[in-house]
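*Asks:* Residues per chain, in single letters:
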Amino acid sequence: MSDMPANKTGEGAWRRRYSLLWPPALAAILILAAWELSIWLFKLPNFVLPTPQEILVAAIQDRGQVLHDTWATLVESLVGYVAGSVLGLGIALLFVTFPRVERALLPAYVTINSVPMVAYGPLAIIWLGIGASSKITLIIIAVSYSILINALAGLRSCDPGAISLLRTFGASERTILLKLRLPAAMPAIFSGLRVAVVHAMILAVVLEMLGAREGLGWTVFKSTQMMDFVAAWVAVGATVIVSLAIYSVVNWIGHKLVWW
Amino acid sequence: MTPKIRLQNISKRFAVGSNVVPAVENVNLSLNSGDFVTLVGPSGCGKSTLFNILVGLLAPDSGGELHIDGKLVAADHLLGRVAFMPQRDMLMPWRTVLDNAILAAEIDGVPRAAARKRALDSLDRFGLRGFENHHPAQLSGGMRQRVALMRTFMFDRDVMLLDEPFGALDALTRAMMQRWLLEVWEGAKRTVLFITHDIDEAIFLGDRVLVMSARPGHIKMELPVPLPRPRAPDIITSAPFVELKRTLLAAVEDESRKAFAAMNREILPDPADA
Amino acid sequence: MSAPSAPVPAVPGVPGVAGNAAIQLIALVVMLAAWEVAVRALDVSPGKLPPPSAVFATMWSGRVALAGAVGTTLYEALLGLAAGIVFGVLSGISFSRFRLLERMLLPYFVASQAVPIIAFGAIIVMWFGNGVASKAVIATYLSFFPVAVNTLTGIRRVNPEEVGLLRTFGAGTMEILWKLQLPTALPSIFTAVRLAVGLAMVGAIVGEWFGASQGLGVVLLTAMFDNHVEQLWAGILLTGVTGTALFAAVVLLQRKFVWWHADG
Chain U
1 MSDMPANKTG EGAWRRRYSL LWPPALAAIL ILAAWELSIW LFKLPNFVLP
51 TPQEILVAAI QDRGQVLHDT WATLVESLVG YVAGSVLGLG IALLFVTFPR
101 VERALLPAYV TINSVPMVAY GPLAIIWLGI GASSKITLII IAVSYSILIN
151 ALAGLRSCDP GAISLLRTFG ASERTILLKL RLPAAMPAIF SGLRVAVVHA
201 MILAVVLEML GAREGLGWTV FKSTQMMDFV AAWVAVGATV IVSLAIYSVV
251 NWIGHKLVWW
Chain P
1 MTPKIRLQNI SKRFAVGSNV VPAVENVNLS LNSGDFVTLV GPSGCGKSTL
51 FNILVGLLAP DSGGELHIDG KLVAADHLLG RVAFMPQRDM LMPWRTVLDN
101 AILAAEIDGV PRAAARKRAL DSLDRFGLRG FENHHPAQLS GGMRQRVALM
151 RTFMFDRDVM LLDEPFGALD ALTRAMMQRW LLEVWEGAKR TVLFITHDID
201 EAIFLGDRVL VMSARPGHIK MELPVPLPRP RAPDIITSAP FVELKRTLLA
251 AVEDESRKAF AAMNREILPD PADA
Chain E
1 MSAPSAPVPA VPGVPGVAGN AAIQLIALVV MLAAWEVAVR ALDVSPGKLP
51 PPSAVFATMW SGRVALAGAV GTTLYEALLG LAAGIVFGVL SGISFSRFRL
101 LERMLLPYFV ASQAVPIIAF GAIIVMWFGN GVASKAVIAT YLSFFPVAVN
151 TLTGIRRVNP EEVGLLRTFG AGTMEILWKL QLPTALPSIF TAVRLAVGLA
201 MVGAIVGEWF GASQGLGVVL LTAMFDNHVE QLWAGILLTG VTGTALFAAV
251 VLLQRKFVWW HADG
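Protein chains in written order, with the numbering used here: chain U, 1 to 260; chain P, 1 to 274; chain E, 1 to 264.
Just so you know, these hints were derived from the structure itself, not from any lab. Cβ coordinates follow ideal geometry from the N, Cα and C atoms, glycine included. Treat the hints with care, since some could be wrong.
Said to hold, decoys possible - Here chain U is said to cover these stretches of chain E; the calculated rule only asks that three of the stretch's residues, wherever they fall, bring their Cβ under 8 angstroms from a Cβ of chain U:
#1 94 to 107
#2 199 to 212
#3 217 to 223
#4 226 to 234
Isolated chain U, as found in the complex:
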């Protein structure tokens, strides 16, 4: 939908991309080399540090289990993330429309969230069991809070002069919300959505470590207890990949919708 200045010639774009890409690629090679070298040099056993190949081989061999765990964690975090985002945005709109409700409820929301969310983990497990619902519930609370705070700031950020101008056009409060405040709040809402991806993943993984039947966090915990350190590395790696994937999707949508 945007027609911002088009990219330069294909070649120039390629060169720019190349100059952005080679330093991190070089860093990755150097890190991998140092990794291998230190294992070889200090004769590190694989329970201290497995080689990258060992991790890769294990990931491929156990792909069924890895995919199963990845799916479990992905479902928990995505369900909680989407529900939490919708809830957070809904509450923000409610608060902006009825400031009285905000004055009554926002301090309570802030108080609940002044405790690091992971500390509620054991309670969630006791109340809701070790299934997905305990993870999803906490993710909803954490994500909705992050969206709420950002959306409130965004909805309030717009220029009072612009609101006055729209009122001189005869705009109703609803029109002002739809045509001005909501679009103006989009950048803030998306930065909340970006941060919330990490919250959702952290809670899913950490709560699985506390107690679960499946999932990447559960596998990390179980395999460290069973001294199967390669499996722990595989699960940690899968966590990183899942998280980056969700983040990239959210980021991409954000850039499409908030290009200005």
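Knowing the structure of chain U, use the given hints to seat chains P and E on it.
*Replies:* Quick look at chains P and E alone, frame taken from chain U:
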């Protein structure tokens, strides 16, 4: 002829801390249909307060009267009746030039497609042909102001209120925009009240120049501008123009001095200017 | 003079920190009272949700052990936070100096903020054992990344013309760093530290879950295994209080040292 808009004994006081500060006092003002009236005054003379009253954003203190077409109306009756252009362009960065131009019409209830079509037809008049699908961030200051002005014109109202629309432009662009505004206005024949700090601009554009006093603001002087239209750029060096300018400068100087002295005594910002 | 803003009443936005703290305190008291009343009125089984009075009684009878737990966790978090800030600021400065280093590593630093790197905690505990060190290391690497990134962006915010001006005064690299670049970066460093405080607490607690003998994380975990809900709530409240106190301390430091930059 009944004036289009008439303000009678309009005053507005604001509570600032424990003090009550009069921003405007006993303003009497009428705009006839088709008039181009300009208003000059020292900073902080309550111009913004007066404007906010005229567009219906602010209710005047009791005792004053607002008349439209000879009928007495309540203050909020003016919301949505006067096409207002603020100092800053307030374009929405996510809307194209075209969609920014139709914003007011859209809110007024004109279907988007119809509004877009009408806007496309008047792009030439506003010098924006070829830029309809650009976004505000891609435009120069003068072009942005033209989009804002187009938005104001597209909001079909008989009365237009322009608050220093060219204040932020450089001198050359400003002179071009003034001539261009006169052309557009002569084509559309709307009633215009135009606020400015610039006395040359006030004389060049207006049929009448109003001088506002230092706070509390009231209309201190009303000076007709008997210069023929259309006005050529070099009119500003003609003898009658210079004579008008001399009169106005004296009046404005006087008020500026008062305003400046008052500012040094105590700093009381116009609450509507904040 | 700006546009036609009618004197609309000030938006009831987030008030200053002091006002905020008072509001939060009132909210906390009201919530505790409502909780107490609700539990008693609805006759909730204390195994599900104990009344706050029971939680406070548990806290009082276990005060010595709980104080020890708070002390341990606070120590781990503070140690990690301090190390994270030092390393973070140093790498931010190095990034600003060595462009290639930045281009090689910054993408990973930024990506790390989109990843639950806490999952590496299990491995850290394996490496550093069950003591304080492993938790401090987790807290360190969690707080390190945001501080490093914000130090760099803060230094980048320095106007090159100001650097040029100092040069014309004869200032050297270190002087420019001390007198211009770090002070300019300080507000954004503090923003990162405020974030890092929470991360360090989380790092310490989750680190304790992987194996520890003392700390708030241990209190929470054993309470969960023993189904001891009063103890669990005591742990949650103490975690909140400790985290908030740490955060408040950072805000106070920020106000003392970055008074010129309103970012309350």
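*Asks:* Quick one: see if chain U covers the region 217 to 223 of chain E, three-plus residues with Cβ-Cβ under 8 angstroms.
*Replies:* It holds: at least three residues are needed, and the region 217 to 223 of chain E offers 3 whose Cβ sits within less than 8 angstroms of chain U.
*Asks:* Do at least three Cβ atoms from the region 226 to 234 of chain E come closer than 8 angstroms to Cβ atoms of chain U?
*Replies:* holds (count 4)
*Asks:* Count the residues of the region 199 to 212 of chain E whose CB lies closer than 8 angstroms to any CB of chain U, then report whether that count reaches three.
*Replies:* With 6 residues closer than 8 angstroms to chain U, the region 199 to 212 of chain E meets the three-residue bar; holds.
*Asks:* How does the coverage statement for the region 94 to 107 of chain E fare against chain U, requiring three or more residues with Cβ below 8 angstroms from a Cβ of that chain?
*Replies:* n = 5 at 8 angstroms, threshold three: holds.
Comparing the model with each earlier hint shows no violations; every hint is respected.
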